[in-house]
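What follows is each chain in one-letter form.
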Amino acid sequence: SQKIEQNSEALNIQEGKTATLTCNYTNYSPAYLQWYRQDPGRGPVFLLLIRENEKEKRKERLKVTFDTTLKQSLFHITASQPADSATYLCALRRYGGSQGNLIFGKGTKLSVKP
Amino acid sequence: DAMVIQNPRYQVTQFGKPVTLSCSQTLNHNVMYWYQQKSSQAPKLLFHYYDKDFNNEADTPDNFQSRRPNTSFCFLDIRSPGLGDAAMYLCATSRVSGANVLTFGAGSRLTVL
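These protein sequence lines map, in sequence, to chains A and B.
Going by the working numbering, the final residue of the first sequence carries number 115, and the count climbs one at a time with no gaps.
Going by the working numbering, the final residue of the second sequence carries number 151, and the count climbs one at a time with no gaps.
Okay, chain A solo, but in the shape it has when bound (with noise of 0.2 angstroms):
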């Protein structure tokens, strides 16, 4: 069956340092992979979005990369504030499908400590 795993439940790191947020799937060949975040109480925001011929994407202080070799996506946040304490989902739609297939892993809590 098909799987969506992130690395760990909770991520705690110090503020200026880089996060660095993992990704697993299989038994799936996406063709796009979205990063979303999502702060306690609140529904999902959208942040990136990678293609499966694209290695790297970047905005502003977060890079995502796609390898579909390894069946895995890094998400990183450089120079991590307080204020990107939240939990980061990421999420996988298949090709073809109906437009109902975005599933989402658990996400990844990160906790920046002043």
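I should point out that these hints are in silico values taken from the structure, not numbers from a laboratory.
By construction, the Cβ of each residue, glycine as well, lies at the ideal position given by its N, Cα and C atoms.
Incorrect hints may have been included.
To be verified - Partial list, derived from the structure: chain B residues whose beta carbon lies under 8 angstroms from chain A:
#, residue
1, I43
2, Q79
3, P81
4, N138
5, G145
As the list claims (entries may be wrong) - Below, computed lysine-lysine pairings styled on DSS-like, alpha-carbon distance capped at 27 angstroms:
#, chain 1, residue 1, chain 2, residue 2
6, A, K107, B, K82
7, A, K72, B, K82
8, A, K56, A, K72
9, B, K82, A, K110
10, A, K4, B, K82
11, A, K107, B, K76
12, B, K76, A, K4
13, A, K110, A, K64
14, B, K76, A, K110
Assemble the complex: chain A is given as a structure, and chain B must be docked to it using the hints.
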């Protein structure tokens, strides 16, 4: 600002008492989704509408129903809530596109007593 609005934000109901959660959007997106998210778990897709076409996930219980009377509104009906249905219910919308980027509402937190 264009957005997705969910009401109510917090809903408390009794075991077996029907509940309706609403979602409205000003984005004019074709597709509307309902996800269920329990604490520390992944959002789980219940169903979605592609325009008026309803698409149910195979493992969504019959207890959950949905209505989309027009482009802007979508409702989630829980006919007989059980304790296991306590969760955050997330409405999302998207354009019809390959990327399928979702715009979520703030969610409706359901408590079942």
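Outcome of the hint check:
1. Given the 8 angstroms rule on beta carbons, the hint for B/I43 is violated: about 11 angstroms separates it from the nearest Cβ of chain A.
2. Satisfaction of the interface hint for B/Q79 is found here, the shortest Cβ-Cβ separation to chain A being roughly 6 angstroms, below the 8 angstroms cut-off.
3. Of the supplied interface hints, the one on B/P81 holds, with its beta-carbon coming within about 5 angstroms of a beta-carbon of chain A, less than 8 angstroms.
4. Taking 8 angstroms as the C-beta contact cut-off toward chain A, the hint placing B/N138 at the interface holds, the least distance being around 5 angstroms.
5. Proximity of B/G145 to chain A holds as hinted, the smallest CB-CB distance being about 5 angstroms (cut-off 8 angstroms).
6. For the hint linking A/K107 to B/K82, the alpha-carbon distance of about 10 angstroms falls within 27 angstroms, and the restraint holds.
7. For the hint linking A/K72 to B/K82, the alpha-carbon distance of about 22 angstroms falls within 27 angstroms, and the restraint holds.
8. Note on A/K56 and A/K72: the hinted pairing holds, with a Cα-Cα distance of about 12 angstroms set against a maximum of 27 angstroms.
9. With a C-alpha separation of about 18 angstroms, the suggested pair B/K82 and A/K110 falls inside the 27 angstroms cut-off, and the hint holds.
10. Between A/K4 and B/K82, the direct Cα distance comes to roughly 13 angstroms. Compliance with the 27 angstroms bound is thereby established for this hinted pair.
11. Distance restraint check for A/K107 and B/K76: the Cα-Cα separation of roughly 10 angstroms lies within the 27 angstroms cut-off, and the hinted pair is therefore satisfied.
12. Among the hinted pairs, B/K76 with A/K4 is consistent with the structure: their alpha-carbon atoms are about 18 angstroms apart, no more than 27 angstroms.
13. For the hint linking A/K110 to A/K64, the alpha-carbon distance of about 17 angstroms falls within 27 angstroms, and the restraint holds.
14. With a C-alpha separation of about 15 angstroms, the suggested pair B/K76 and A/K110 falls inside the 27 angstroms cut-off, and the hint holds.
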